[in-house]
Amino acid sequence: MAIPLRQLVEQVGGQLQGDPDTLVSGIAPLDAAGASHVSFLSNPKLRTQAAASAAAALILTEADSERIGSQYAGARILTERPYAYFARAAQLFAALAAPPVQPGIHPSAAIDPSAKVAASACIGPHVTVEAGAVIGEGCTIDSGCVIGRDTVVGADTHFHPRVCFLAGCIIGERGIVHAGAVIGADGFGFANEGGAWIKIPQTGRVVIGNDVEIGANTTVDRGALADTVIEDGVKLDNQIQIGHNCHIGAHTAMAGCVGVAGSATIGKYCTFGGAAMILGHLTIADNVHISSGSLVSRSIAEAGQYTGFYPLATNAEWERSAAIVRNLSGMRSRMRELEKTVAMLTSQNKNEQ
Amino acid sequence: MAIPLRQLVEQVGGQLQGDPDTLVSGIAPLDAAGASHVSFLSNPKLRTQAAASAAAALILTEADSERIGSQYAGARILTERPYAYFARAAQLFAALAAPPVQPGIHPSAAIDPSAKVAASACIGPHVTVEAGAVIGEGCTIDSGCVIGRDTVVGADTHFHPRVCFLAGCIIGERGIVHAGAVIGADGFGFANEGGAWIKIPQTGRVVIGNDVEIGANTTVDRGALADTVIEDGVKLDNQIQIGHNCHIGAHTAMAGCVGVAGSATIGKYCTFGGAAMILGHLTIADNVHISSGSLVSRSIAEAGQYTGFYPLATNAEWERSAAIVRNLSGMRSRMRELEKTVAMLTSQNKNEQ
Amino acid sequence: MAIPLRQLVEQVGGQLQGDPDTLVSGIAPLDAAGASHVSFLSNPKLRTQAAASAAAALILTEADSERIGSQYAGARILTERPYAYFARAAQLFAALAAPPVQPGIHPSAAIDPSAKVAASACIGPHVTVEAGAVIGEGCTIDSGCVIGRDTVVGADTHFHPRVCFLAGCIIGERGIVHAGAVIGADGFGFANEGGAWIKIPQTGRVVIGNDVEIGANTTVDRGALADTVIEDGVKLDNQIQIGHNCHIGAHTAMAGCVGVAGSATIGKYCTFGGAAMILGHLTIADNVHISSGSLVSRSIAEAGQYTGFYPLATNAEWERSAAIVRNLSGMRSRMRELEKTVAMLTSQNKNEQ
Chain H
1 MAIPLRQLVE QVGGQLQGDP DTLVSGIAPL DAAGASHVSF LSNPKLRTQA
51 AASAAAALIL TEADSERIGS QYAGARILTE RPYAYFARAA QLFAALAAPP
101 VQPGIHPSAA IDPSAKVAAS ACIGPHVTVE AGAVIGEGCT IDSGCVIGRD
151 TVVGADTHFH PRVCFLAGCI IGERGIVHAG AVIGADGFGF ANEGGAWIKI
201 PQTGRVVIGN DVEIGANTTV DRGALADTVI EDGVKLDNQI QIGHNCHIGA
251 HTAMAGCVGV AGSATIGKYC TFGGAAMILG HLTIADNVHI SSGSLVSRSI
301 AEAGQYTGFY PLATNAEWER SAAIVRNLSG MRSRMRELEK TVAMLTSQNK
351 NEQ
Chain C
1 MAIPLRQLVE QVGGQLQGDP DTLVSGIAPL DAAGASHVSF LSNPKLRTQA
51 AASAAAALIL TEADSERIGS QYAGARILTE RPYAYFARAA QLFAALAAPP
101 VQPGIHPSAA IDPSAKVAAS ACIGPHVTVE AGAVIGEGCT IDSGCVIGRD
151 TVVGADTHFH PRVCFLAGCI IGERGIVHAG AVIGADGFGF ANEGGAWIKI
201 PQTGRVVIGN DVEIGANTTV DRGALADTVI EDGVKLDNQI QIGHNCHIGA
251 HTAMAGCVGV AGSATIGKYC TFGGAAMILG HLTIADNVHI SSGSLVSRSI
301 AEAGQYTGFY PLATNAEWER SAAIVRNLSG MRSRMRELEK TVAMLTSQNK
351 NEQ
Chain Y
1 MAIPLRQLVE QVGGQLQGDP DTLVSGIAPL DAAGASHVSF LSNPKLRTQA
51 AASAAAALIL TEADSERIGS QYAGARILTE RPYAYFARAA QLFAALAAPP
101 VQPGIHPSAA IDPSAKVAAS ACIGPHVTVE AGAVIGEGCT IDSGCVIGRD
151 TVVGADTHFH PRVCFLAGCI IGERGIVHAG AVIGADGFGF ANEGGAWIKI
201 PQTGRVVIGN DVEIGANTTV DRGALADTVI EDGVKLDNQI QIGHNCHIGA
251 HTAMAGCVGV AGSATIGKYC TFGGAAMILG HLTIADNVHI SSGSLVSRSI
301 AEAGQYTGFY PLATNAEWER SAAIVRNLSG MRSRMRELEK TVAMLTSQNK
351 NEQ
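Protein chains in written order, with the working numbering: chain H, 1 to 353; chain C, 1 to 353; chain Y, 1 to 353.
Next up, chain H with everything else stripped away, as it sits in the complex (with noise of 0.2 Å):
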């Protein structure tokens, strides 16, 4: 579905220097954009590529447009953050393209009597609503859902297939949950006696603010006794685990196959590279930034990049370092020899001058 550019700079800003009447019906990379594409410029190595471009318009900053002067012919959208404003343009041409959604229930849905669905809401096949859930306007839940007792489902928040969203917890507006994902199963608390484990009931509830997605077949866990937290804006891959009691600070994100261990505190503004790992109860700062693959053993009191993995080489080398690795305090010792005996053979070498 083609829109005039007049109706994209209505609708997501910029300054619109061309024709508003231009037809445009999408977003295309530079170099596979035709006339009726949309593209974008926000890696200044990409500029030559930028001007030579058959794309019908050009989101890009007004420094670049200067920069490219007349090689490039087509219409210019000037904006600060070229990227935000593709980010923003396609979100717009994917409404367009998206199929209708009906508002109601899906007869096959099971919707206990007490529970709340607002009139705009979109319910699919096989959903289960429990007794007591709210569900609020604009919201769509898709096939096989379970929206757990006494949840809270903000408006506009969108549930992919088989999310499983248990009793008590509570999410935000605007909120995206991907397929598979389970928010508020019990976290992982027991008292060991005698070597067997006696299960701790976890009572608290998830509590999620607006604007957060969670990826597919992450699992976020209900606290113990108080709540895990997941503040506005915070975004989390698939894959991920949130063990009881977290709390995430808004605007986080997390790669895919992070794990976050029991009552860990994390900041504002952070990010997790995919597979990092973060031990229970740490506090970490805000704009900490954790590369992938490291394991995050101690509190983290400043902002910066931390990175801890072993890093990769062919089997035989790692197996001579890994050889030397296991026993470095040898190493040390054999240095600390070399030391004394060095000092001694100077001191003699002094002694004799």
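It should be emphasised that the hints constitute simulated quantities derived from the structure, not laboratory data. Be aware that a few hints might be false.
Chain Y stretches covered by chain H per the calculated footprint, using a threshold of three residues with CB under 8 Å from any CB of chain H [to be verified]:
hint, segment
1, 171–185
2, 199–212
Within a straight-line C-alpha distance of at most 20 Å, the following computed SDA-like cross-link-like pairs (lysine to any residue) qualify [unchecked claim]:
hint, chain 1, residue 1, chain 2, residue 2
3, H, K340, Y, N349
4, C, K199, Y, N349
5, C, K268, C, A250
In silico negatives: residues of chain Y with every beta carbon more than 10 Å from chain C [what the hints assert, rightly or not]:
hint, residue
6, V9
7, E10
8, T22
9, N43
10, G69
11, A87
12, I111
13, S120
14, F190
15, A255
16, S263
17, A313
18, R326
19, T346
A virtual CB, placed ideally from N, CA and C, is assigned to each residue, including glycine.
Using the hints, position chains C and Y against chain H.
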């Protein structure tokens, strides 16, 4: 729902000192507990806090009770293991607060006529129970579970929503399986022929003992020919993968994101920190404890704590240390060279003296 | 169900030596096999065990058959690759033992009128098939699966329970997707604006070839603009995460808990051990083998085995080695200092001589 302290000690045990008619309705931490709460002292560092607690009753050892003396005015429940008592008391309060379970089969469930579902079991919406399955007394099978052909689910076991318990698998009594777990998917077994993989059918089962808890979105594969076995009292957290033909000893506990490759044999009373990974065909003794993020690449015959993860550092420091790790054999060669030279110098100096 | 050896070699091949009317009903290991079993010899260490096996028939190479000679009295099936033969024979026995699949659509399934389901397909309870989906001949779609809008499922593909196969995705013939897998969730793509994340719509698909197997609770994300591609014969174990726009070459196999970040291009015939992690935008050549627990942080241009994990030790030993790793640059400085001093001493000694 409040109960008198008398009822608590009748059901959970311990020696009550104080008014048995005092009504209590739940557990709270020492500093948050009020006149309707029970609290507990298991960490000696919190003794001062316990003495000042406003809890209606304190769970503690006789020794701690004497140490606190008259500083604390509420009721006391004396027990040898306050933390285990707390867990059991919390279970009692949680059971009192839980909504009543209605035995019966939801009309949307698809139950094969040859399956046997106990009259006291509760089968939720959109559940599938296949031919020959047997579901015991007091079981709760939540929304969207799939109970495969010829499975056996022991009495009082609870499957949370969307559990898959696949053909032929067996679980004992009082089990808890959390949402999205998959028990009995095929193990990963292939024969390689000229680069391509030929599937080896996985015809074993998963056989699970009593009092086992399995976390959300955890997967336990069926055996190839023999069975995958999980003994009594094992506790598995979320996002865990257990490969085919593994044998996990009684009361072993694994934290989130652990992976166990096929045919590993793990002892009793072991613990595995989050994201620990155990290679296949290994044998791990009883009472082995593996730290988070550690890869177990060899069998372990001795009880104890084992660790193996790269220490976290600022990215700049890690860059430096990783560059050296990559060339540790070079460093060792230089050390050997130095040792030779120093030995020669030492011998020269001796000759000269 | 027993079949004569004649039928086995007719269907799977190989050269039979022995009575073709001998009835066999399954495969068993060499030491457990009895008069109704077929066993196989692929590991040369088991030759003595094979010679003593009570199996009705042995699958083995001609060379091994000669080595064993007359020690073994049962029938023999000669083949060049006994392990691959075993896999195919086991498939035959498994097919004979499997309950018959009834084509047709369970009445509880919700099938959009515009979807095309082949007459020979079997659609289980509580399945959702959305508009425009095409499900091929001989497919089995188990309980609770969600087949998204405009998807294509090739002939003879089997989706185990609760698979999500989301809008627009394509899978070829003879695929197997295990329970809880999610194919086609959104990739993790955001533009950052002043700390907050703006979602980049994910409009690509997941395109999967023939003979692909995908494990339980594994997730494969759809592409951002282009597609995520999984070529023929790829085998993915459980709990794996494949990011958006990845391209995985034919016959590559990944063990459980592997993570592949977005836009990685992986060659053919590669293998990845459990919990290996591959960073985004990398290129991995054909025939690369990554050990378990290793992080791949750079592209790999040469075939071979690569490793990178911290060796396991007792916790006390690890504490010592980790402390040194944290300060390896200090150790290198001391080494340089020593080298300088020793060079000076050597030169002094020479001057003196």
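Each hint tested on the structure:
no.: 1; hint: 171–185; in the structure: holds (count 3)
no.: 2; hint: 199–212; in the structure: holds (count 4)
no.: 3; hint: K340(H) with N349(Y); in the structure: 18 Å, holds
no.: 4; hint: K199(C) with N349(Y); in the structure: 70 Å, violated
no.: 5; hint: K268(C) with A250(C); in the structure: 5 Å, holds
no.: 6; hint: V9; in the structure: 17 Å, holds
no.: 7; hint: E10; in the structure: 18 Å, holds
no.: 8; hint: T22; in the structure: 21 Å, holds
no.: 9; hint: N43; in the structure: 13 Å, holds
no.: 10; hint: G69; in the structure: 26 Å, holds
no.: 11; hint: A87; in the structure: 4 Å, violated
no.: 12; hint: I111; in the structure: 15 Å, holds
no.: 13; hint: S120; in the structure: 21 Å, holds
no.: 14; hint: F190; in the structure: 22 Å, holds
no.: 15; hint: A255; in the structure: 6 Å, violated
no.: 16; hint: S263; in the structure: 22 Å, holds
no.: 17; hint: A313; in the structure: 6 Å, violated
no.: 18; hint: R326; in the structure: 5 Å, violated
no.: 19; hint: T346; in the structure: 6 Å, violated
Hints 4, 11, 15, 17, 18, 19 from the earlier list are contradicted by this structure; the remaining hints agree with it.
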